[in-house]
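Put chain L on the given structure of chain E with help from the hints.
Protein chains: 2
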Amino acid sequence: MTGFRRDPIVGRWVIVSADEPMDVDQFYQLYSPVEKHHPEKCFFCIGRELDTPPEVYAVRPNGGEANGEGWVIRVVPNKFPALVIEGELESRPIGLYDISNGVGAHEVVIETPDHFKTLADLSFEEICEVIKAYRVRINDLQNDPRFQYILVFKNFGASAGASIEHDHSQIIALPLVPKNVKEELEGARGYFDYRERCIFCDMWRQERDEGVRVIYENNDFITFCPFSSRFPFEMWIMPKYHSSRFHEITDERAMELAKALKDALIRLKLLLHNPPYNFVVHSSPLRGTYEHYHWHIEIMPRISRVAGFEWGSGFYIVPTTPELCAERLRKVIW
Amino acid sequence: MTGFRRDPIVGRWVIVSADEPMDVDQFYQLYSPVEKHHPEKCFFCIGRELDTPPEVYAVRPNGGEANGEGWVIRVVPNKFPALVIEGELESRPIGLYDISNGVGAHEVVIETPDHFKTLADLSFEEICEVIKAYRVRINDLQNDPRFQYILVFKNFGASAGASIEHDHSQIIALPLVPKNVKEELEGARGYFDYRERCIFCDMWRQERDEGVRVIYENNDFITFCPFSSRFPFEMWIMPKYHSSRFHEITDERAMELAKALKDALIRLKLLLHNPPYNFVVHSSPLRGTYEHYHWHIEIMPRISRVAGFEWGSGFYIVPTTPELCAERLRKVIW
Chain E
1 MTGFRRDPIV GRWVIVSADE PMDVDQFYQL YSPVEKHHPE KCFFCIGREL DTPPEVYAVR
61 PNGGEANGEG WVIRVVPNKF PALVIEGELE SRPIGLYDIS NGVGAHEVVI ETPDHFKTLA
121 DLSFEEICEV IKAYRVRIND LQNDPRFQYI LVFKNFGASA GASIEHDHSQ IIALPLVPKN
181 VKEELEGARG YFDYRERCIF CDMWRQERDE GVRVIYENND FITFCPFSSR FPFEMWIMPK
241 YHSSRFHEIT DERAMELAKA LKDALIRLKL LLHNPPYNFV VHSSPLRGTY EHYHWHIEIM
301 PRISRVAGFE WGSGFYIVPT TPELCAERLR KVIW
Chain L
1 MTGFRRDPIV GRWVIVSADE PMDVDQFYQL YSPVEKHHPE KCFFCIGREL DTPPEVYAVR
61 PNGGEANGEG WVIRVVPNKF PALVIEGELE SRPIGLYDIS NGVGAHEVVI ETPDHFKTLA
121 DLSFEEICEV IKAYRVRIND LQNDPRFQYI LVFKNFGASA GASIEHDHSQ IIALPLVPKN
181 VKEELEGARG YFDYRERCIF CDMWRQERDE GVRVIYENND FITFCPFSSR FPFEMWIMPK
241 YHSSRFHEIT DERAMELAKA LKDALIRLKL LLHNPPYNFV VHSSPLRGTY EHYHWHIEIM
301 PRISRVAGFE WGSGFYIVPT TPELCAERLR KVIW
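Chains E and L supply the protein sequences, listed in that same order.
When we follow my numbering, the leftmost residue of the first sequence carries the number 1, and every step to the right adds one.
When we follow my numbering, the leftmost residue of the second sequence carries the number 1, and every step to the right adds one.
If we strip away everything but chain E, and leave its shape as in the complex, we get:
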C-alpha cells in the first residue's frame, strides 16, 4: 500500500509507506529514541555489509570487492524504503483526491565506517568524498526518466528523526516536484522577472555587505544565518557562483563546500553540545532549465520545538535573532 496521496486543497503530496497493519505499540517502538552506542548491533558498521541491500556506490581507497570491507563510504538502498524502484508511475483520482503508486528510489549514504564519528568529525577530504557520493548518485538516478526531483538530506540525532545512530544521510528520487521546491522556484522567478537578477545572488551579496549574519566565507561558498531564520542557529551555505544544480559541482568546488560544511557543523557541535539537526540540499528539478534558481544547503538545528502555531500558520516564532546566533557561532574557536 506504499504510494503518494495528494491533498486537494493545497496540493501537498504525502507518501504513505505502510505494507502491514501496525498496532499502536509498534508505532511507539518505531518512534522510540535511537539506541545509543551499540556498534555490535549496527548494520552500517564494517563487517555487516551483507546485512544491508547490495551497495550502489562505495569508495575503497585500497581496492577490494563490492559489499566487502575496506570502504570509507558506502551507498546502499534503504532496507525499509518509503518508495519502490520498480514499475511505471500511475496516477488516478478517487473522487476529489489523487493517488499514485510509490515509484521512487530511497538510498542511504553511510558517511564513515566509524560508528563513533559524526560528519563534523571527518576531515575535509572525507567530507568531500561524501559530497562526491551525492553527486555520483544524483547523476546516476537522473538517467531514470521517471524521476523529476532528487532530494538529499541528513537527519542527525533522534529528535531530528534519525532512526539509526551510525552517521548517514539520505537520497530520495521522486516522480514529482515537491510543493516547497515549487514555491521556492516561483518566488525566485517572481524576483527574476521583476529585477532581472537571481535573488540568491543578491542575497549572499547583501549578507556579505551587512556582515552581521555571516559565519564563514571561502572562495566559492558563504555561510550565514538567514535574515528570516525559522529556527535558532539556522544556517544556509550558499555557493557564490550561480548554478541551479548542486550535482554540477566540480571537484575543486566540492572541496570548498566540504570546508564550509565542516566549519558549520563543528561550530554547531561545539556551541550547542552536539545538537540534533537536519540539513537539506535545495537544488532545481531534474528536467527543464531554472536560470532564476540557485542551489544551496539549509541546516536546521533542532533545539526548539515546532509547536501548534507554526504548524497551523506557516508562521514561526523564534526566541532570538539570527544576528545574535551568528555572533555566537562566529566566536566558536576550532
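Think of the hints as simulated: they come from the structure by calculation, not from any bench.
What you were told as hints is all true, and nothing was included just to trick you.
The list treats identical chains as interchangeable, and a pair is accepted whether it falls inside one copy or across any two copies.
Once the Cα atoms are required to be at most 35 Å apart in a straight line, the calculated DSBU-like pairs of lysine-lysine come out as:
#1 K79 - K117
#2 K79 - K41
#3 K331 - K79
#4 K179 - K269
#5 K79 - K182
#6 K331 - K269
#7 K132 - K182
#8 K182 - K240
The following block gives chain L in isolation, referenced to the frame of chain E:
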C-alpha cells in the same frame, strides 16, 4: 526587538521574539521538558490569579470579582507574549528583506481550574464554554482594525510545544494573513472557480459516502482522518454547514462541536496513551468575504518525528494509512 521578518523567496513571515540576548544554556532551559504535576508552582491554578496579567474574559457561574477565585475558564494575555498590543504597524525594507514591528495580541485560554484535568476530561458543557470563550475573544479582537487574522490553537504535552502543564489553549491576533492560510484560500478558490462548489463541502460528503475514514458524526459536525494525512491519527473536525468563519458559530452548534471535540480527544487519549497533540482552528481572514472557504479544526497527534525529508520538501512520509487509523479510533469505547 520583537518583530516580523519576511523571507523574500517564499514570502514566509517569522516572528522574532527576543528582548534580551540569551545564552546557550538559556535556550536549553527554554526548551527543556515541562515540569510535571507541581500545582503549587502553577500560576494557572486557583488562587494565583494575580500572578498572571489581568484577565480579559472569565466565566464565574456563581459570580465573583474579576481576577479573583470562582472561575471555571479564564482568558489572560500571555505573560511572555510573542507580540505586543501597542503601536501602529510599521513595515520597512532592509535591502531585499522586509521587517515590521511586532504588533499583535497573544492570549492564553485556561480551560479549567483543575491542574490535573485535560480538555478531553471536561464535560460537554465545559468544553462548550471553552469554544464560546474563543468566540468571545475573536469577536472582541476583530474590532481592532490592525488585525487581519486570528489564530486559535492548542499545544498539549511537552513534545507538542506546551511550556506549561496546566491545560490551556492560545489565541494570536496578527496584522497579516499567514502564508499557509493564503495557500488554503487559494486552493479552495481554484476549486470553487472550476466546479462552482466549496471543496470542503464536497470533501465531507465524499468522506461520509466512503465511510472508511470517518470516526464520528453528529447533527452539525463530522470527524475523519484526512485522505492525505500528514501524521498518523491526524483528525479533522469539519462543520456540515457551510461557513468560512469559526466565530459565527451559534450556541447550539458550539455544543455539537464540543461533543465532536471531546469525542476526538478522548479517543486519542485512550488509544495512544494520552499523546501530545496540537490542534489548530482554520478560519478565514477577518476582512473580506470568502464564500469558497469553510472553517474546520485540524488535530495533529505528535507521536511521529518530523524529520529532514518533510522539512525540506513539504512532503510527509506516514507509516500507516488514515483508513487504518480511523478503524482503530472508531473501535475505542468510551
